[in-house]
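Number of protein chains: 2
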Amino acid sequence: MKNKKPLILVTNDDGITAPGIRALISVMATIGDIIVVAPDKPQSAMGHAITINNTLYLDKISKENDTIIEYTCSGTPVDCVKLAVNEILKRKPDLCVSGINHGSNSSINVIYSGTMSAAVEAGIEGIPAIGFSLLDFDWNADFEPIKSFVKKIALETLENKLPEGVILNVNFPKLKEKDIKGIKICRQAKAYYSQKFDKRQTPSGRDYYWLTGDFVNQDKGEDTDEWALENGYISVVPVQYDLTAHHTIQQLNTWNLNE
Amino acid sequence: MKNKKPLILVTNDDGITAPGIRALISVMATIGDIIVVAPDKPQSAMGHAITINNTLYLDKISKENDTIIEYTCSGTPVDCVKLAVNEILKRKPDLCVSGINHGSNSSINVIYSGTMSAAVEAGIEGIPAIGFSLLDFDWNADFEPIKSFVKKIALETLENKLPEGVILNVNFPKLKEKDIKGIKICRQAKAYYSQKFDKRQTPSGRDYYWLTGDFVNQDKGEDTDEWALENGYISVVPVQYDLTAHHTIQQLNTWNLNE
Chain U
26 MKNKKPLILV
36 TNDDGITAPG
46 IRALISVMAT
56 IGDIIVVAPD
66 KPQSAMGHAI
76 TINNTLYLDK
86 ISKENDTIIE
96 YTCSGTPVDC
106 VKLAVNEILK
116 RKPDLCVSGI
126 NHGSNSSINV
136 IYSGTMSAAV
146 EAGIEGIPAI
156 GFSLLDFDWN
166 ADFEPIKSFV
176 KKIALETLEN
186 KLPEGVILNV
196 NFPKLKEKDI
206 KGIKICRQAK
216 AYYSQKFDKR
226 QTPSGRDYYW
236 LTGDFVNQDK
246 GEDTDEWALE
256 NGYISVVPVQ
266 YDLTAHHTIQ
276 QLNTWNLNE
Chain X
26 MKNKKPLILV
36 TNDDGITAPG
46 IRALISVMAT
56 IGDIIVVAPD
66 KPQSAMGHAI
76 TINNTLYLDK
86 ISKENDTIIE
96 YTCSGTPVDC
106 VKLAVNEILK
116 RKPDLCVSGI
126 NHGSNSSINV
136 IYSGTMSAAV
146 EAGIEGIPAI
156 GFSLLDFDWN
166 ADFEPIKSFV
176 KKIALETLEN
186 KLPEGVILNV
196 NFPKLKEKDI
206 KGIKICRQAK
216 AYYSQKFDKR
226 QTPSGRDYYW
236 LTGDFVNQDK
246 GEDTDEWALE
256 NGYISVVPVQ
266 YDLTAHHTIQ
276 QLNTWNLNE
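Chains U and X supply the protein sequences, listed in that same order.
Once you know that position 102 of the first sequence is 127 in this note's numbering, the rest is easy, because the numbers rise by one and skip nothing.
Once you know that position 167 of the second sequence is 192 in this note's numbering, the rest is easy, because the numbers rise by one and skip nothing.
Treat each hint with caution, since some may be false.
Pairs involving identical chains hold if they fit within one copy or between any two copies, as the list cannot separate such chains.
What the hints assert, rightly or not - Capping the alpha-carbon separation at 30 Å, the derived lysine-lysine pairs in BS3-like fashion look like this:
| # | residue 1 | residue 2 |
| --- | --- | --- |
| 1 | Lys201 | Lys29 |
| 2 | Lys224 | Lys88 |
| 3 | Lys206 | Lys66 |
| 4 | Lys117 | Lys221 |
| 5 | Lys85 | Lys201 |
| 6 | Lys117 | Lys224 |
| 7 | Lys245 | Lys201 |
| 8 | Lys85 | Lys30 |
| 9 | Lys224 | Lys66 |
| 10 | Lys66 | Lys221 |
| 11 | Lys186 | Lys215 |
| 12 | Lys117 | Lys245 |
| 13 | Lys221 | Lys115 |
| 14 | Lys30 | Lys176 |
| 15 | Lys117 | Lys66 |
| 16 | Lys221 | Lys30 |
| 17 | Lys206 | Lys172 |
| 18 | Lys203 | Lys117 |
| 19 | Lys215 | Lys117 |
Since the hints were derived computationally from the structure, they do not count as laboratory data.
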């Protein structure tokens, strides 16, 4: 039992060079042994995409004597987790952390998020997993104010274990450390995007579109992640990958599907 | 009230040329007015990916007098739905159908599936939505045996409406019509992939990987989609995009996160 430190897999969707993953690595290095496997380029909004019709490249970028082992992968965040678990790691890690994302993954954003999909993939593989996101899209966002909370949540997860089939979606308000009121366990707010497309023309005259839109939250519940974040709290939403709407099965059984 | 036929949006993830979407269009044309917006190339396993760092092209491929209006889109299945709803359609469609996918989207496959993500996106936009998949990966799969069931499920969905926040994930066994035993409302089986990577070398000697793996179902429940399909039934799973594991919130509130 020479080494009792937990083994922690670190990934993200903003890519290996993002300041957010550097902040996450620096916190995790105070807790355990680290292996980083992250996309070689930004992979935001990739959802749970995997690469099945293309090749995957994996490159070790850390040097021989580096204490933190780092790989880049040519695929999606979910590919990173699959390659880490099945090709790189000798044993199942004790924790997988993804992020820290530059920008929110609260509410309906969870479903588009590469950060969260990487964590969900780890959850499917039986690894306790957390996705971390800061409500600041800026590449130069300041992660210092939230580092102590990232550590606290990771340590509590290692100690308490997560319920089976559950991954944590953690979002941080963009506030100074002293202004953060605390950590709240929440449900995902019922919000959506009022989508708009910005229609433009190529130099040669062909129409194309950029996706854009406004976030609309009509959920007034005070138990939601949106409420927590707007009121100065860190939101923690337990996320599951059993997508079954169990509560509606009885209702659907009243349909005349077999007549 | 000149036209009381329902307006139906058709999409998929195998691309506009796939036989599966042609089968789906032929069924839907017997029910309502159709608009097709599908990817211009295969987009399998894209999950809920959206295009935010790239341009989107949208091309109308049907002719002026065609009764069915068809567009191709350069993006993901979810992009197709967003563009259809926000750029093409004058009013919200009465139904969105996605597929028919060449291959299963039962159990954990739902989370990687572009077919289902397109349907889920429609659900988020408040449109009743169904994803259809046949357990046959073959490009020349025979969709004839399931057409009457596709129609039945679509008509029942139009008549009964879906519960709020719920999308149907429908999978068909690869059987002759007379051998299909009926339609079952199910839960998503707890299964996973035992992943393997096939490691190869490029002609110039660089290692690369292909994702591969075996589907492992250790869920013995007879209320699952896997059980239904193995026993000759069509599986219908109500899917939700509220990913909150509500039943675990109380447990997480016992953690010492705020000390």
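Same-copy or cross-copy closeness of Lys206 to Lys66 [CA-CA at most 30 Å]: neither (35 Å within a copy, 48 Å between copies)
Indicate which option fits the pair Lys66, Lys221 if close means a Cα-Cα distance not exceeding 30 Å: within, between, both or neither. Classified as both: same-chain Cα gap 26 Å, cross-chain 24 Å, threshold 30 Å.
Between copies, within a copy, both or neither: which fits Lys221 and Lys30 at Cα up to 30 Å? Only across copies: Lys221 and Lys30 sit 28 Å apart there, 48 Å inside one copy, limit 30 Å.
With 30 Å as the alpha-carbon cut-off, assign the pair Lys215 and Lys117 to within, between, both or neither. For Lys215 and Lys117, only the inter-copy Cα distance (20 Å) is at most 30 Å; the intra-copy one is 35 Å.
With 30 Å as the alpha-carbon cut-off, assign the pair Lys117 and Lys245 to within, between, both or neither. between (41 Å within a copy, 25 Å between copies)
From the Cα coordinates, with 30 Å as the cut-off, is the pair Lys30 and Lys176 best called within, between, both, or neither? Within. Shortest intra-copy distance 15 Å satisfies the 30 Å Cα cut-off; inter-copy 57 Å does not.
Please sort Lys117 with Lys66 into within, between, both or neither, judging by C-alpha distance up to 30 Å. within (26 Å within a copy, 36 Å between copies)
Give the relationship of Lys85 and Lys201 under a CA distance limit of 30 Å: within one copy only, between copies only, both, or neither. neither (36 Å within a copy, 50 Å between copies)
Pop the pair Lys85 and Lys30 into one bin, within, between, both or neither, using alpha-carbon distances up to 30 Å. within (23 Å within a copy, 58 Å between copies)
If the cutoff is 30 Å on CA atoms, where do Lys201 and Lys29 land: within, between, both or neither? Let me know, please. neither (34 Å within a copy, 57 Å between copies)
Within, between, both or neither: how does the pair Lys221, Lys115 come out at a Cα-Cα threshold of 30 Å? between (47 Å within a copy, 14 Å between copies)
Could you place Lys117 and Lys221 in one of the four classes (within, between, both, neither) given a Cα distance threshold of 30 Å? Cα proximity of Lys117 and Lys221: across copies only (15 Å, versus 43 Å in one copy).
Of the numbered hints given earlier, the model fails hints 1, 3, 5, 18; all others are met.
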